[in-house]
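Student: Heads up: the sequence lines are chains A and B, in that order. Residue numbers for the first sequence follow our numbering, so the first one is 1 and each next one is one higher. Residue numbers for the second sequence follow our numbering, so the first one is 1001 and each next one is one higher.
Note that these hints are calculated values from the structure, not bench results. Ideal placement from N, C-alpha and C gives every residue a C-beta, glycine not left out. Mixed in with the good hints, there may be bad ones.
[To be verified] Under 7 angstroms between C-beta atoms, here's a sample of chain A residues computed to sit facing chain B: (1) W43; (2) Y52; (3) K56; (4) A59; (5) L62; (6) I63; (7) F66; (8) A72; (9) T193; (10) V203; (11) A207.
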Amino acid sequence: MIDRGVLRSHRFDPARASGRGTIDVLRSFRTAASLGWKMEANWTDPVLFFIYSVAKPVASALILVFMLQVIAGPAGIALRPFVIVGSALWSFVVSGVAGLAWAVLDDRERYRMLKYIYVSPSSFITILLGRGIARLAVGAMGAGITLAVGVLVLGVPFDLVAVDWPLLGIVLVLGVITISALGVVMAAVCLQTRQESWDYPEVVVGALFLVVGAVFPLSVLPVPLQVLGLISPLTWWIAGVRLALFQGGPSSIGGPGSLWQQLSGELNPTSVQVAAALLLTGAVVTLVSAVLFRAGEARAKDRGLIDRTTGS
Amino acid sequence: MAAPGIARPDPAPVAPLRLAFVGRPTASPQEAANWTPRQVMANNLRSVVGRAYPRVRGLTREPSWLLFQMLLPFLTTSSFVFVYRALDAPAAYIGFVVIGGAMTAFWLNVVWMMAAQLYWEKDQGNLELYFAAPMNVMSVLFGMAVGGLVMSSTRAVAILFIATVVYGVSFSISQWALLIAVFILTLAALYGFGMMLASLFVMWGREAFHLTQLMTEPVYFVSGLNFPVGRLGFIGALAIALIPLAVGLDAMRQLAFVSTGPTGTPAPWIESLILVVMTVFFIGLARWLLHSMEERARREGRLTVRWR
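Could you build the full structure based on these sequences and the hints that come with them?
Tutor: Written out as structure tokens, the structure reads:
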């Protein structure tokens, strides 16, 4: 016999199926971020993890420092802050963009969990962003250590008091959002591609490296590439951080003969101009990335790519 | 007996090589299992071809590869060209960057698709099949190397050709034969190095993936990817002695840009001898490591452990 009282107490509550909105989103994000961090960090002891995390960005900066040293000799020391800041920030970009794409490839090709995650009640994009944030944190650590090595070992002059903290705070927040948006686009691309696309994020970011003025001023590029640079939010982000940390240093955007000077009539952009340009271009990229992700997700679902595994 | 009115189908035609495996009349199962050296060799060659096949064939099945593996890496290389242009560096340095950019195609392939490959195979459940199949697992490694070589050659050629045309790199080569020999030896040493690491990674879990990360920029730096390795002093000398990318790059640069003068590193013919030693050493070590790591992995039950 079925006890009607028990049935009444276990009656289906439609409100449970509709979820708890923001609370559920935050819980999914927190869980995904925690999982991502454990996957990034718990494969070894903290010391080795630290070494592995900082070796790559520090080596990237050293390559550029040596290129300066080989060609410019002692005169190249003056350019070190420019190169080290750009290189450190770029390692952050690489980590941020790769994190989301690798989350897709990891879960689909290696752990084969993507299909289960996809059909779970959590939002797919929320989980991806959560997974990606862990790698972003590793990238931030690498960037910070590279800057510290630049200041402590390579003699980059740095004054904490001279830092424009409000500008730094604004551009960092806007930069993280923009980098995550680019990561979302790469995640959408990797949903479509085969297992070999592990290095696609790095390749795309490597190509962007050409036009964002990370390690050389945009003015040395041909005009069409300078245009691409000026519409890229990463260009404004790097310029903003550079401006906040080393006020009065050389600008990657302006300078004599640059496209910026021709368009604006000013030698270098001001802090407000940099922040406004970053906000504008970042907003466009973020909106476009959301559209591209939805399109990529729909295509992957349509073609049965979400549970596909490949080999080579 | 076939039923009346039903014709027995003709046996499927069997290729002559296949007869060597399945059609040989033998007196007992033991004799059938006892392969001749020719059969063993043919089987291992088929394994090499079989393992190379998905990599070569896969090139035509992933159109995005053209953009991501050929055009975009050229732009990455271009970044370093513009660094030198911004510094008004001598023209030969642009050539250094172009050769370095081309060789990264092979290095990345060695790191991602050789060194870490057996670790991926373990996660995908293929590794136990390799070890259970009646073949030498070294032939799988050779197949991976051959397939990878074809894949990365296209990328390297694209970077070299486009960058040479776009940036007007002029090579000054006096010893073509030695340059070609050094290039081939560099590839042999690189893929031997990859085979050795692949054997080592049989035992490993996620640390293999992270080690591949460590083997990009730090190795580029000590190998002098974008500048003469001789400028690194002792570290450069150590890299020439240990890393095939470093010694191969330096030898090729000396031979392709004779006009740049002394680099402070050994002469190209000495570096080619170093590459010969590296090739023999790495492939020999790979064979030994593969055998010993397989034994150890069997004992510790790690051959089939996934997602660790």
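Student: State for each hint whether it applies.
Tutor: Each hint tested on the structure:
| no. | hint | in the structure |
| --- | --- | --- |
| 1 | W43 | holds, 4 angstroms |
| 2 | Y52 | holds, 5 angstroms |
| 3 | K56 | holds, 5 angstroms |
| 4 | A59 | holds, 4 angstroms |
| 5 | L62 | holds, 5 angstroms |
| 6 | I63 | holds, 5 angstroms |
| 7 | F66 | holds, 5 angstroms |
| 8 | A72 | holds, 6 angstroms |
| 9 | T193 | holds, 5 angstroms |
| 10 | V203 | holds, 5 angstroms |
| 11 | A207 | holds, 4 angstroms |
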